[in-house]
Structures are given as C-alpha cells and as structure tokens.
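Peer 1: Okay, here's what each chain looks like letter by letter:
There are 2 protein chains.
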Amino acid sequence: MSLIVQKFGGTSVANAELIMNAANIVTKAYNDGNDVVVVVSAQGDMTDQLIGRANKINSRGSKREMDVLLSAGEQISIALLSIAIEKLGYPVVSILGWQAGVMTNSNYGNAMIKKIEPDRIKKELDKKNIVVVAGFQGLNKYYDVTTLGRGGSDTSAVGIAASLNADICQIFTDVKGVFTADPRKVPSAFKINEISYDEMLELAALGAQVLNNRSVEIAKRHNVLVEVLSSFSGEPGTIVKEATNVEKMLISGVAKDDNIARISIIGIPDVMGWDFKIFSKLASKNINVDIILQSIGRDGTKDITFTVKDEQLEETVDLLNNYCQSLENVKISYDSHVSKISIVGAGIESHPEIAAKMFEALFSAQINIQMISTSEIKISVLIDQDKADKAVLVIHDAFFGPAV
Amino acid sequence: MSLIVQKFGGTSVANAELIMNAANIVTKAYNDGNDVVVVVSAQGDMTDQLIGRANKINSRGSKREMDVLLSAGEQISIALLSIAIEKLGYPVVSILGWQAGVMTNSNYGNAMIKKIEPDRIKKELDKKNIVVVAGFQGLNKYYDVTTLGRGGSDTSAVGIAASLNADICQIFTDVKGVFTADPRKVPSAFKINEISYDEMLELAALGAQVLNNRSVEIAKRHNVLVEVLSSFSGEPGTIVKEATNVEKMLISGVAKDDNIARISIIGIPDVMGWDFKIFSKLASKNINVDIILQSIGRDGTKDITFTVKDEQLEETVDLLNNYCQSLENVKISYDSHVSKISIVGAGIESHPEIAAKMFEALFSAQINIQMISTSEIKISVLIDQDKADKAVLVIHDAFFGPAV
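Residue numbers (the working numbering), protein chains in the order written: chain A, 35 to 438; chain B, 35 to 438.
FYI, nobody ran anything at the bench for these hints, they're computed from the structure.
Where hints are given, some of them may not hold.
As the list claims (entries may be wrong) - Selected chain A positions facing chain B (Cβ under 10 angstroms, derived; list incomplete):
(1) Q77
(2) V102
(3) L104
(4) A113
(5) S116
(6) I117
(7) W132
(8) V179
(9) G183
Claimed, not checked - Chain A stretches covered by chain B per the calculated footprint, using a threshold of three residues with CB under 8 angstroms from any CB of chain B:
(10) 50-56
(11) 78-88
(12) 92-98
Heads up, the beta-carbon is just placed ideally off N, CA and C, and yes, glycines get one too.
The whole structure should be built from the sequences, with the hints applied where relevant.
Peer 2: Below, the structure is given as structure tokens:
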C-alpha cells in the first residue's frame, strides 16, 4: 500500500464529465489499496469568470480581497469532485487550504508556502477517507486566506506530498508528460520517460509550462517523486526524480521562451562598480535579469546587454534612462522581438560537442545567434523571434533525428 | 457613534451595479461616524448556479460537501463588495464565517448557530475597518464549514449584531419593510413602522418571507433592534423591537400560507393515549403538525384533523395508513388544496371583537372556514385555496379600510 498524492489541473476538472473522469482515476488508485490525497485547481474558466466579475466593479481590488474571491474557485472544485467520488460509492472528504494546514507568508496573490501541518489530512486518511484538498490556497499568520499565484496548485500538491512523505505525487494534466520539445511545433518531439529535478527546473523556467517551477524546487528539496501524466490517456507519463536514478539522456529537451526582451546599454564609462549598481537598482524593483553579456567597447567604454521579461521592458528602460541621464554618450537600445531557445540536459557539462551541435544546427538554418548563455545543464541562445519555431525544430532534429 | 450591522440579501448584490449601490449605503453609514459590520448573502442566482453544477454530477451529494460548495457563494460576494468599498476609498476587510467566529452545530445544510466569538470582527473594527462578513455559513466543532439553511444570512446578521451588542441590525432587501399584507395582492396594504418580535415571529412563520424566523428569535432573545428596509428606496423601513416599546396597533398584518395540507383521521376508537402516540410518531419523523382539531364522532369514536406542510403530506399519509392498518373502520382523508389565513396583532388577546370581525369579513365574502386556531397574538383559519387571495383582501380591508 502506498500513499499517493494526485493533482488535477483546471482543464482536467473543467466540466461534469471531466470531473467524473478524475473521480474514476482517484477511486481506481484507492481501490488498488492506496491512501489517496487529491489536490484540485479551480475549474477551467472559473478563475477568469471571477476576475471578470471583479473587474466590472473595480479592476484594482486589493490582492487580499482578490485572494478571498479566487480561492472560492478551488472550493467549488473540491466539493464537486467529492460529490463525484461519493457517486462512485467511495468515502471522501474535501478540505480547504486552511484546513489542510497549508501555511504561507502574506504575499497575497503570490504567497509562498512556509510550512504544511497535515494533521487533518492524516486524520482523514486514518479514517480511510479519500481526501480532496483545495490547491492554490493557504493561510497566513493573520488567519487570512492567501493564494499561491500561477501554477500554485502544483506547489500545493508537491508540498502536501512532501509533508506526508508520499510515495509519489502525480500531476494530471492535459498533456502526456514532459516532451523533448513542444509537440504542436515539433512533429518529432517525444515524451521523456524520466527527467531529473534540475533538468525539469531548467525546462520549467524556460517556459515549458508543464510543471510550476516552485513545485519542482520543493520536490527536489524534499526528494518527492513526481509524475506528470495525462488525465485522459491512461498511460504512464514523465517521472521527475533525483538525477542519480534518472535514465541518462544527453539532452532532455528543447524549449522556447518568447516572453523576453533584450536591452543594451552602450558606451558605459569603464568605471568599477557601475554594473553592480545598475543591477542592484533593477533587483530592488523586482526586475528579473536573465542572460547578461558584457563586452569591451571602444575608447575605454563597455557595453552591457541583458534580457528581461517582456512585461518588465518598459519599466526597465525608464529606469535606465533615468539612471544614465547624467552620463554623456551612453545609449540605451532594446528589442522585444527576440526569443530564447534553450537545450537542457544532464550531459551538457561533460559533452562539449553538444554546444557545437546546437550552434551548427542554427548556422545551417541560417539563424543568427545574438547572445549565448550556458549553465551546467543548459545552453540558451537569443535569436530573432520570427525564427524561433524553426530554431526549435532544427535543434530538436539535430539531437533526436527528424520525424519519420 | 453607533455600531451598525447591515445585511444585504442576494437580490441586493446580484450584479456589479447593485454591489456598488450596497457599497454606497455601507460607506455612508461609515462616513456618518459609525462602526459598520456588513453581512452578505450569495449573489442572486449564484446558489442555484452552484446547485446546477453539482446536480450535473450527483444530485445526491452529501450535505457536508454541498455546504463546502454553497459557502463559496458568500465568499465571492464578500470579496466583490469589499473591492467595491475599496473603490470608494474606504478601509475594508472581508472575513468568512469561520474567521468571524460563527460556531454552529453539525447539522450540515441547516446548521444552528451555537455561539459567536467575534474577536476578529472587533479587532478589525478597532482598526477602523469596515468589516464584510460572509453570511449563511459557520464552522462546526470538527472545523468543517456548515451552512445555516434558508434565510441563514439574516440569522448570521442578527447573531453577529447580538454578539457585538450592536445598536441596530439593518436588513436590506428588495421590499420596503414589513407590510400589513402582501402588497402585490392587496392594494391597500401599507408598510408597518414598528412591530414587536412576537408579531414578527408569527408573520414570518406564516410565510411573510421578509425575515427568517430564527433570526427574529435570536433578535428577541438578545433584544437586538432590527430594521427591515429597502436597499433601493433610501427610506426608513420597519423596526422590529420589544413589544413594550412598539407603537400599538390592534393587528399588524394579514398573511397567507398556501403551503399547507389538511389531514383527517376519522373514526378513531376513543382510547386514552392514542392521539399522543400518533403525534409523537409524527414528531419522531420531523413532521411539523400545525393546527389540530379534535372532535367527538359517533359511537364512541373521535375524529382528529390537523395540518402539515404540503411537502410532508405524502409521508404523513403513508405513516398514518401504516399505523391505522390494524384498526377497523378508521379512515384517513386529506386535502392539499387549502390555505391558512392569519391575522397577527398584539391586541388580539384583549380584544375579542377582532376574531368576530375577521369571521364576519369571511362570511360576507361567502368564504367557508374549515378550521380555526388562535394564540395570544394570532388567529388563523383554514379555507379553500381558491379563495385565499380574496380572503386576505377582505380581512385586510375590514381592519385597515379599502384602498382609496
């Protein structure tokens, strides 16, 4: 007998039929003799519906009140999934984030889980109940409801799995697992059977929106075995686990991120500490800088180029213009029409030919590389956005071979 | 400075515009220097929507899970009203039933408030916040969410007002107050300015659905001054308070209840204790018996006639048939096509001419009285349902004069 945490996303519980489908998956696991905890997101369009209702009244409602509003979405889901499980004749109890002991900080709208006290969940499992928990929500020290931000239900699920020392955390979604590239764009993309936490983290950060990044971090920290799988296919998905046990692949995926903009500061006087100051300035405004490239310019000046998320471009440029006002000859330029293409794989560090192969594939397709950034398990390049899909395709085929 | 509890029903917060209207009423009271606690119901059709979603999955979901589901309705309302109040620039905080300390028993779907511990509400009032509380919901001893059943938000509001020792509890609704009769049926009906708890209790029990009965009971027990008023007119409504301070009216209203059925057991052998047994049998099945009439029949037998709610007719008749199976010559008959017409008024006990006037009005209109029941402040008659509206009209006009 195992303890299984199963998480169903919004698309997996979007209507009555899908909820019954989820209930069937849950009760099958229970029937197989497992203890089952289920974590559920709000139904498909519920969150948007609720935001729509709010915006008609006040599009700038406080984050605290928006959390009260949005957390009603998961409350509805857990009740509906529970009555579906009741219909199948199984013992079930639904509990909200605060009942499940999900304690968070007070960053409303994007709260972080601080700890989970799963006493209530354990008590219900002892009674042989299937326990359906509202994802995405928690309680702060003021006893107020918080929400965990985008993908928060994944975080809830993995966090609860960690707190219960569960044998596996299954993340049910509308895709079959983690793919080597976006299968809608790359015909030869295939499902990865196993991937390490670190590779998954890089892929998640790169916009492969299968698993929320925080949830992978928690899984890694607490060594939670995670499976990403489809709630429709009934097939095994992708197992995310410790690197040492993972089936070795040189690279595990190619990912694209369009939500990125390049900013260059050109002609900076080469004075010590200038770059430190500018980046700490950006950090203080919560602007996340990604790839950074510094080059020596002419006449004792230097250039710095870096990337930020599209939505932070305007703010960043304003800030830089302000900051560089007093400096003669310093020029700010930017381009939001760029994409970051990355390959992720545990073998990258020990196989220098991987980078060469990637660059060669891009060269062959006449795609110009604007910037390069590497880590132990990742190589990212910045290219023109128009060529991004093509780039993913040629890189994927260079490593995995074209579709047959 | 006063402490005011304001309650807005579902029709008063049904859409964005109405929510802004409620926010204006609330902030006006706050602006006048009062501490303001607001209790809100689910938006107009929200409860039905949620039940619809549930029924598509399982029309027999457990009451516990239905309570989790339905309590999401008020959660949405409090958040929306709060962001409306934020838009008007006032400090506000929304809290759920469990945060407001509304402790109930575990009768899911129809829970009773056991006590209210308003520490959190007081803390927020001390911070000069407008406090918006989810009505209709509470917490039981298992730390599970419960709902209070039909009209439960009234109960929440009066209960919270009692726990805070509030100066007044204003119940905002879509009617202007308590009327002497249903104004849609009786043109001469008029709004009552003041009414006693007892009279209000009788009227509420008789189907004048302005105020939930339990809420009036709580108001009476804790001496909470209640005002029923329109959220649209801006005019004073009806004050419900202790009898000693109420402006004296001989009768305060005429009410009709169509949801009633008459059952007769004819030819019962006149043996001691038989009627006791039959009524305790009904009580054990939670069947509420209203008017009871016992008469001596022929040959040492007797007849018992009583009324029950329409929806309990079938169950009652089945029960009686079973129970009387062994008794020869006992006959059960019933009629659901009856109405109960009642007049309520503090003056009834001391003014016997009131009953005479009521019966005369019915006689003049050629309406036959099937049963009569009286209490200190109420006279009820059972008549044919087809003549019910006419009966209310002629009785009302007999006491208050016809419309001019």
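Peer 1: Need the list of violated hint numbers for this structure, in ascending order.
Peer 2: Of the numbered hints, just 9 does not hold.
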